[in-house]
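Participant: For what it's worth, the UniProt record's numbering labels the leading residue of the sequence shown as 1, then goes sequentially.
By construction, these hints were calculated from the structure, which means they are not laboratory data.
Since we're looking at a predicted model, the values are computed, not measured.
Take the hints with a grain of salt, since some may be wrong.
[Claimed, not checked] Label-pair ranges, simulated between beta-carbon atoms: (1) 20 with 80: 19 to 27 angstroms; (2) 28 with 63: 16 to 24 angstroms; (3) 21 with 73: 25 to 33 angstroms; (4) 19 with 69: 30 to 38 angstroms; (5) 40 with 77: 26 to 34 angstroms; (6) 21 with 47: 31 to 39 angstroms; (7) 58 with 19: 36 to 44 angstroms; (8) 40 with 20: 26 to 34 angstroms; (9) 22 with 65: 27 to 35 angstroms; (10) 47 with 67: 14 to 22 angstroms; (11) 22 with 58: 34 to 42 angstroms; (12) 73 with 47: 22 to 30 angstroms.
[Said to hold, decoys possible] Once the Cα atoms are required to be at most 30 angstroms apart in a straight line, the calculated DSS-like pairs of lysine-lysine come out as: (13) 77 with 62; (14) 77 with 60; (15) 64 with 77.
Ideal placement from N, C-alpha and C gives every residue a C-beta, glycine not left out.
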Amino acid sequence: MNLTTQPRGQPQGTQVLINKQYLTNIFESFLPQLLAYPNPIDPLNGDAAAMYLHRPEEYKQKIKEYIQKYATEEALKEQEEGTGDSSSESSMSDFSEDEAQDMEL
Numbered sequence: 001m002n003l004t005t006q007p008r009g010q011p012q013g014t015q016v017l018i019n020k021q022y023l024t025n026i027f028e029s030f031l032p033q034l035l036a037y038p039n040p041i042d043p044l045n046g047d048a049a050a051m052y053l054h055r056p057e058e059y060k061q062k063i064k065e066y067i068q069k070y071a072t073e074e075a076l077k078e079q080e081e082g083t084g085d086s087s088s089e090s091s092m093s094d095f096s097e098d099e100a101q102d103m104e105l
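Generate the whole structure from the sequences, applying the supplied hints.
Facilitator: The structure is reproduced here in structure tokens:
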């Protein structure tokens, strides 16, 4: 299977071939490594990184909750049926302002 995409900054109509091996590398190598060895020193989500560094057991529990809520077959079915709770966005921002000020990444 090959996909084509419009590369950023290229003239209209220019396409790049994305092959199955490239996608396989992303899903079988890159993402599992990123999830297994997060980098809390340069985080996308600072609150999650602070929890990972300062309250690791709570972080692990939160991850388990998120897996159940967002990454199971039941969650997918709920999302497809539109019965999922879309009013609450996922967030690991559980620190108060005082707690967050004392934490450094």
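Participant: Against each hint, give a clear statement of whether it holds in the structure.
Facilitator: Consistency of the hints with the structure:
no.: 1; hint: 20 with 80: 19 to 27 angstroms; in the structure: 25 angstroms, holds
no.: 2; hint: 28 with 63: 16 to 24 angstroms; in the structure: 21 angstroms, holds
no.: 3; hint: 21 with 73: 25 to 33 angstroms; in the structure: 28 angstroms, holds
no.: 4; hint: 19 with 69: 30 to 38 angstroms; in the structure: 34 angstroms, holds
no.: 5; hint: 40 with 77: 26 to 34 angstroms; in the structure: 33 angstroms, holds
no.: 6; hint: 21 with 47: 31 to 39 angstroms; in the structure: 36 angstroms, holds
no.: 7; hint: 58 with 19: 36 to 44 angstroms; in the structure: 41 angstroms, holds
no.: 8; hint: 40 with 20: 26 to 34 angstroms; in the structure: 33 angstroms, holds
no.: 9; hint: 22 with 65: 27 to 35 angstroms; in the structure: 33 angstroms, holds
no.: 10; hint: 47 with 67: 14 to 22 angstroms; in the structure: 18 angstroms, holds
no.: 11; hint: 22 with 58: 34 to 42 angstroms; in the structure: 37 angstroms, holds
no.: 12; hint: 73 with 47: 22 to 30 angstroms; in the structure: 28 angstroms, holds
no.: 13; hint: 77 with 62; in the structure: 22 angstroms, holds
no.: 14; hint: 77 with 60; in the structure: 25 angstroms, holds
no.: 15; hint: 64 with 77; in the structure: 19 angstroms, holds
When each numbered hint is compared with the structure, no violation occurs for any of them.
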